[in-house]
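S.K.: The chain contents come next:
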Amino acid sequence: MTAPVPPAPVPIVEMKSISISFPGVKALDGVDFRLFPGEVHTLMGENGAGKSTLIKALTGVYRIDDGEILVGGQSRRLTGTADAQDAGISTVYQEVNLCDNLTIGENVMLGHETRGRFGINWTATHRAAVDALEKLGLGHLNPRQPLSTLSLAVQQLVAISRAMVAKSTVLILDEPTSSLDANEVEGLFAVIRRLRDQGVAILFVSHFLDQVYAISDRMTVLRNGQYQGEYLTRELPRAALIATMIGKEVASLASLDSERAERDHLHTDEPILRAEGLGRKGSIDPTDLELHRGEVVGFAGLLGSGRTELARLLYGADKADEGQVYFRGKKVDISTPTRGLAHKIAFSSENRRDEGIVRDLSVRENLVLAVQAKRGWARPLSKRDKDAIVTKYLAELNVRPADPDRPIRNLSGGNQQKVLLGRWLATKPELLILDEPTRGIDVGAKAEIQEQVAALADDGVAVVFISSELEEVVRLSDRIVVLKDHRKIAEIINGPGVTADLIVNTIAEEGVPAGADAAWSTPADREVSE
Amino acid sequence: MTETQSAPARTAARLLRTPYFWGIVAIALLLLVNVLRDPGYLAITVNPANGNLVGNLVDILRAAAPILMIAVGMCLVIATGGIDLSVGSIMVVSGAVAMEFLNAAAAPDSVLAALAAFLLAVAFGAILGAVNGILVSVVGLQPFISTLVILLAGRGLAKVITEGQNTAASNEPFRWIANGYLVGLPVVLLFAVLIVIAVGLLVRRSALGLMIEAIGMDPKAARLAGIKRRSLLMTVYIASGILAGIAGVFATASVMTVDVSRTGYQLELDAILAVVIGGTSLAGGKFNLGGTVVGALLIATLDKTVVFLGISSSATPAFKAIVIVVLCLLQSERVRQLFRQRRAPGTFVPSKETIPA
Ligand SMILES: Nc1ncnc2c1ncn2[C@@H]1O[C@H](COP(=O)(O)OP(=O)(O)OP(=O)(O)O)[C@@H](O)[C@H]1O
Ligand SMILES: [Mg+2]
Chain E
0 MTAPVPPAPV
10 PIVEMKSISI
20 SFPGVKALDG
30 VDFRLFPGEV
40 HTLMGENGAG
50 KSTLIKALTG
60 VYRIDDGEIL
70 VGGQSRRLTG
80 TADAQDAGIS
90 TVYQEVNLCD
100 NLTIGENVML
110 GHETRGRFGI
120 NWTATHRAAV
130 DALEKLGLGH
140 LNPRQPLSTL
150 SLAVQQLVAI
160 SRAMVAKSTV
170 LILDEPTSSL
180 DANEVEGLFA
190 VIRRLRDQGV
200 AILFVSHFLD
210 QVYAISDRMT
220 VLRNGQYQGE
230 YLTRELPRAA
240 LIATMIGKEV
250 ASLASLDSER
260 AERDHLHTDE
270 PILRAEGLGR
280 KGSIDPTDLE
290 LHRGEVVGFA
300 GLLGSGRTEL
310 ARLLYGADKA
320 DEGQVYFRGK
330 KVDISTPTRG
340 LAHKIAFSSE
350 NRRDEGIVRD
360 LSVRENLVLA
370 VQAKRGWARP
380 LSKRDKDAIV
390 TKYLAELNVR
400 PADPDRPIRN
410 LSGGNQQKVL
420 LGRWLATKPE
430 LLILDEPTRG
440 IDVGAKAEIQ
450 EQVAALADDG
460 VAVVFISSEL
470 EEVVRLSDRI
480 VVLKDHRKIA
490 EIINGPGVTA
500 DLIVNTIAEE
510 GVPAGADAAW
520 STPADREVSE
Chain V
0 MTETQSAPAR
10 TAARLLRTPY
20 FWGIVAIALL
30 LLVNVLRDPG
40 YLAITVNPAN
50 GNLVGNLVDI
60 LRAAAPILMI
70 AVGMCLVIAT
80 GGIDLSVGSI
90 MVVSGAVAME
100 FLNAAAAPDS
110 VLAALAAFLL
120 AVAFGAILGA
130 VNGILVSVVG
140 LQPFISTLVI
150 LLAGRGLAKV
160 ITEGQNTAAS
170 NEPFRWIANG
180 YLVGLPVVLL
190 FAVLIVIAVG
200 LLVRRSALGL
210 MIEAIGMDPK
220 AARLAGIKRR
230 SLLMTVYIAS
240 GILAGIAGVF
250 ATASVMTVDV
260 SRTGYQLELD
270 AILAVVIGGT
280 SLAGGKFNLG
290 GTVVGALLIA
300 TLDKTVVFLG
310 ISSSATPAFK
320 AIVIVVLCLL
330 QSERVRQLFR
340 QRRAPGTFVP
350 SKETIPA
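The listed protein sequences derive, respectively, from chains E and V.
Going by numbering that gives the first Met the number 0, the first sequence runs without a break in its numbering and finishes at 529.
Going by numbering that gives the first Met the number 0, the second sequence runs without a break in its numbering and finishes at 356.
Where hints are given, some of them may not hold.
What the hints assert, rightly or not - In silico lysine-lysine, DSS-like type, Cα no more than 25 Å apart, as pairs:
| no. | chain 1 | residue 1 | chain 2 | residue 2 |
| --- | --- | --- | --- | --- |
| 1 | E | Lys427 | V | Lys319 |
| 2 | V | Lys285 | E | Lys373 |
| 3 | E | Lys385 | V | Lys285 |
| 4 | E | Lys25 | E | Lys15 |
| 5 | E | Lys280 | V | Lys219 |
| 6 | V | Lys285 | E | Lys382 |
| 7 | E | Lys329 | E | Lys382 |
| 8 | V | Lys285 | E | Lys318 |
| 9 | E | Lys382 | V | Lys303 |
| 10 | E | Lys318 | E | Lys427 |
| 11 | E | Lys343 | V | Lys219 |
| 12 | V | Lys219 | E | Lys373 |
| 13 | E | Lys391 | E | Lys329 |
| 14 | E | Lys329 | V | Lys227 |
| 15 | V | Lys219 | E | Lys427 |
| 16 | V | Lys219 | V | Lys303 |
| 17 | E | Lys385 | E | Lys343 |
| 18 | E | Lys330 | E | Lys385 |
| 19 | V | Lys227 | E | Lys318 |
| 20 | V | Lys227 | E | Lys373 |
| 21 | E | Lys330 | V | Lys285 |
| 22 | E | Lys382 | E | Lys330 |
| 23 | E | Lys373 | E | Lys385 |
| 24 | V | Lys219 | E | Lys385 |
| 25 | E | Lys427 | E | Lys343 |
| 26 | V | Lys227 | E | Lys385 |
| 27 | V | Lys227 | E | Lys343 |
| 28 | E | Lys330 | E | Lys280 |
These aren't lab readings, by the way, just hints derived from the structure by calculation.
Here chain V stands alone, though its shape is the one from the complex:
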């Protein structure tokens, strides 16, 4: 082994092993591509009229907010060894509820109505999350199946709520959540950052993180150690539902319309990708919220880049797939060993080379 590495080399080596390192590299590369296309791509200007920041980067961050929300919830669910396929559908249900409510309230300037619509959306998210939680932890269904049920039922429910219409409503305070600015920054971004920080603190300052990891790594051992699996799973799925509800508000408030067939459509996949890119294993166990944030930002950057480069929308999924596959390859232990010009062992070995010397 090379024990005599210099300090910078060691730091570099550690960086290379950080799970989301390649995510950051990918974001940088995508931005670089955009800059090559338009040298002014990264420019951020201050709107002289109101002091708000404007620019492509701000747009990307704004677009990242809903993905960020659901990815954080997804990250916790995946850490328990589960998966939540229903988040996209929960978004549309929450959006539909909020729009229907505001439409019925017909109070375009009422802060109270906006608040009520927001809470209603979150409550629906929580309820659907609780249904997931019950199916998984009490009924004992596979998380994949349970949440698939809600994935399918959710969009149907949204259509029932809006009677098949793409309900629109007008309420300025509600619109402000998605389109407004505070201290020069988009409200939606501030809001998302706050929630991510709050969840991060909650999970790491309390013992929630440890327990989630324990049941994700070894459910039997965790149970015998006295961890309440059932209530923990309920908590996590409800949290994911609530976060999806908030994301639903973000997604509908910007256009003040819920599109029952498009709002949140396939966003669960984006969220799962964000989590995986962030270095959390789909097998459950150790999770990485910081990495998930990087993953969500990457997905948003990717989406914006595709649009910016004018790649036809039918090719978008393929483009996304290529980026993701490359990333996952870079993260894989095997491939990294190949890069280090070592022979990969025949079986996966908890090889000591992976631990910093």
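The shape of chain E in the complex, shown without the other chains:
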């Protein structure tokens, strides 16, 4: 599908021997990077390899200690995001940085409004916005609608339109797909390809190898802040890529396989948690559910299907307005996170930035936060207890750098995610609800986390596992609860013959999804990416 583009003779961006150090870490050590017009170039590397740092050097967020940045052949000193924008470089971050309370059109045109004799001419501005959106195949959006009515995926596309209005020649996408489902990823890729064909240079970061191979023409691999090489995607097989990324051959990434699927799951014992008609208006219809010790239950469904909403009710992150929950056969009230935690339930939210880490606290404080909250403020953990938790989980989850006193915001995205997982494991839960726990985590660490989840289940913990990556759900779960349009539509006992496709079909057979998400799907989007 990907038409290989012959590299133009002059790179639009050239970074030569870039070094950036943070106290105690050499985040980038003499890294070279080239980006050509009309190509999609993926930056690959493990968590903490330096991808985001390289991007921030290019966008003027960090100043480089050493090296040179050439844009369009000219040496540039980028000392702020405004400099980067002047140089035609735009970035769409994973967390969309648009204004929720403005309209779509206002967001697209922000700073580029059409001016008339009496200030801004809104009619013309909105018309220009429609033009810009049309170029990306988003002509059906109404520019006067507030941005907040759009799904995250479409917001991301709006952010790209905005970058195009700013006449960017370089578009940077740092993990843009980690919260999108398969259809939405295809929609995004369609837009990326269109821009590439218009000659825009696109720098892309993702931990999903499938996507990387589907979209990119070229890759640059980093390891521990060091440049490993630049490769044409079609010339670098996956195994070789992974080996380059982690610096050793790996044979056993897929070793943890359907063995879980073959386990015996006859549950004669009482479920740890039983929900009867549990629901909340507007987010999830009344649902019955049983969760057993030692069982991994996957929640599968598209974004907005109600999988996150159901999980939130089970912990008390949102308050159910109907139905009952029985914990070990006893009716309990789980209406707040505090109550959920008291019943040995743990819930790791999909929204790492807003509902996960506390940015300004240290890694240590983030790790012990839930345990401490459970004990209450009057019973502080002793220093020894804290150290024990910190040492244990930093090592077990392989958090790098393993420095507990660093503010967590200085960790790379994937390492923040690992710390969060540690926070919940430290509470010794009997029911662990993981919403997208592997988001933003590199291939190696993903396998490690999957193994951890399997091991927890073997120890008798009941696990709810949610992921947009259906393969991952199928690989790990004993039972799969399929959701669609805010209700449970099926429960599938995992076993041989259960595949991601089966689940996709189950969802599809229930009819075309209605509601907000249908708004942007183009006919080609229905297909699931290869």
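Place chain V with the ligands on chain E using the hints.
M.R.: Relative to the frame of chain E, chain V with the ligands by itself:
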């Protein structure tokens, strides 16, 4: 980067980054100005009659006590991401209650009456603090609005309690709280220091500090981590109310009169300033009690200096404003970067230069 700094240079650099460093400098400068005016300004003498310490410094410390009380409470409230505008009004209510009680008790020497008046004042502080807490955490009003309501209602309440009078009373033990001496030091100062230390220990030895910071930094994440936001906010606003109640006692006991229109008037602003000078961000999150103490001392020094220099009382606010603005500028990251002769970046960057190498 200059990695090869000498040890003293590094220490100096670290000192410059301590949020309340400039507060200490400002206190020193103000004292210097006073010394230039009167070389004996700093002298502390021992009163031969009773062994008490007397001097301008002692006066400053004594004056700092009420500000210290409310600033400590304010610091905790601000750390949760809130603000407590009502402390000045709570002071006058507590003062009014205490004075009315003592006036009615008419027992000029009774320790018991003094104790009861004190507890009553504190209880009123706690109740008003609880009202703040309920408005903020249960009703879900903005802290600014909730406490503004009490700011306005409180002074009215005080007037109702005293029927509009500036009630005076006499009770020696009560007066002693503000004017007495213990081991040569003003009781009020000892009392304030004790309470500050107690609050500091409570907050840092328990997990209260961590939880307050967590909800101030990121309320959503803190909630999902299981922190009980509601009860924590209640605790903090009640604590602020209690501390304001105690400050109200300090403020009225020294003159044994409650002035319903002046007691505690605009003291909430002093408290907020003390907290900000101490390096705690109004946005909430990390707080610094030590810095708050420095801030309170600075405000007291400033007040005394203004009087000492004979600056007209109408110019006082302007003088205060200048000092505060300069301080805040010195604390700002941007300005400090300018000082280091670097180009300030276009956007605020968690720039690595701010972390000690
Ligand atoms: N502001 C900062 N202060 C200190 N260290 C930092 C800072 N930002 C990044 N680092 C460190 O630099 C290294 C590279 O981080 P970076 O965010 O670039 O990784 P990444 O490749 O994007 O990883 P991920 O895939 O997890 O997002 C990490 O060790 C990280 O801890
Ligand atoms: Mg990153």
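S.K.: Taking the hints in turn, state whether each one holds.
M.R.: Quick rundown of the hints versus the structure:
Under the criterion of a C-alpha separation no larger than 25 Å, the hint pairing E/Lys427 with V/Lys319 is inconsistent with the structure, at around 54 Å. Restraint check for V/Lys285 and E/Lys373: satisfied, since their Cα atoms lie roughly 21 Å apart, inside the 25 Å limit. For the suggested pair E/Lys385 and V/Lys285, the alpha carbons sit about 20 Å apart, so the restraint of at most 25 Å is met. Using a Cα cut-off of 25 Å, the hinted pair E/Lys25 and E/Lys15 holds, with the two alpha carbons roughly 16 Å apart.
For the hint linking E/Lys280 to V/Lys219, the alpha-carbon distance of about 21 Å falls within 25 Å, and the restraint holds. The hinted pair formed by V/Lys285 and E/Lys382 meets the criterion: a straight-line CA distance of about 20 Å does not exceed 25 Å. For the hint pairing E/Lys329 with E/Lys382, the CA-to-CA distance comes to about 36 Å; that exceeds 25 Å, so the pair is violated. At most 25 Å may separate the alpha-carbon atoms for a hinted pair to count; V/Lys285 and E/Lys318 exceed this at roughly 30 Å.
Between E/Lys382 and V/Lys303, the direct Cα distance comes to roughly 44 Å. Violation of the 25 Å bound is thereby established for this hinted pair. At roughly 23 Å between alpha-carbon atoms, E/Lys318 and E/Lys427 fall within 25 Å of each other, so this suggested pair holds. Distance hint between E/Lys343 and V/Lys219 is fulfilled; the C-alpha atoms sit about 20 Å from each other, no more than 25 Å. With a C-alpha separation of about 16 Å, the suggested pairing of V/Lys219 with E/Lys373 holds against the 25 Å cut-off.
Pair hint E/Lys391 plus E/Lys329 does not hold up; C-alpha atoms about 33 Å apart against a cutoff of 25 Å. Our distance criterion of 25 Å between C-alpha atoms is met by E/Lys329 and V/Lys227, whose separation comes to about 24 Å. Straight-line distance between C-alpha atoms of V/Lys219 and E/Lys427 comes to about 22 Å, which keeps the hinted pair within the 25 Å bound. Using a Cα cut-off of 25 Å, the hinted pair V/Lys219 and V/Lys303 is violated, with the two alpha carbons roughly 44 Å apart.
Distance check on the hinted pair: E/Lys385 and E/Lys343 sit about 19 Å apart at the alpha-carbon level, within 25 Å; holds. Under the criterion of a C-alpha separation no larger than 25 Å, the hint pairing E/Lys330 with E/Lys385 is inconsistent with the structure, at around 33 Å. The straight-line distance between the Cα atoms of V/Lys227 and E/Lys318 is roughly 15 Å, inside the 25 Å bound, and the hint therefore holds. Between V/Lys227 and E/Lys373, the direct Cα distance comes to roughly 9 Å. Compliance with the 25 Å bound is thereby established for this hinted pair.
For the hint pairing E/Lys330 with V/Lys285, the CA-to-CA distance comes to about 40 Å; that exceeds 25 Å, so the pair is violated. With a CA separation close to 37 Å, the supplied pair E/Lys382 and E/Lys330 exceeds the 25 Å bound. Pair hint E/Lys373 plus E/Lys385 holds up; C-alpha atoms about 14 Å apart against a cutoff of 25 Å. Restraint check for V/Lys219 and E/Lys385: the C-alpha separation of about 23 Å stays at or below 25 Å, so the hint holds.
Proposed proximity of E/Lys427 and E/Lys343 is supported: the alpha carbons are some 7 Å apart, at most 25 Å. Simply put, V/Lys227 and E/Lys385 have alpha-carbon atoms about 20 Å apart, close enough for the 25 Å limit, and the pair holds. In summary, the hint linking V/Lys227 to E/Lys343 is supported, as the alpha carbons are separated by about 16 Å, within the 25 Å threshold. Distance restraint check for E/Lys330 and E/Lys280: the Cα-Cα separation of roughly 21 Å lies within the 25 Å cut-off, and the hinted pair is therefore satisfied.
Checked against the numbered hints listed earlier, the structure breaks hints 1, 7, 8, 9, 13, 16, 18, 21, 22; every other hint is satisfied.
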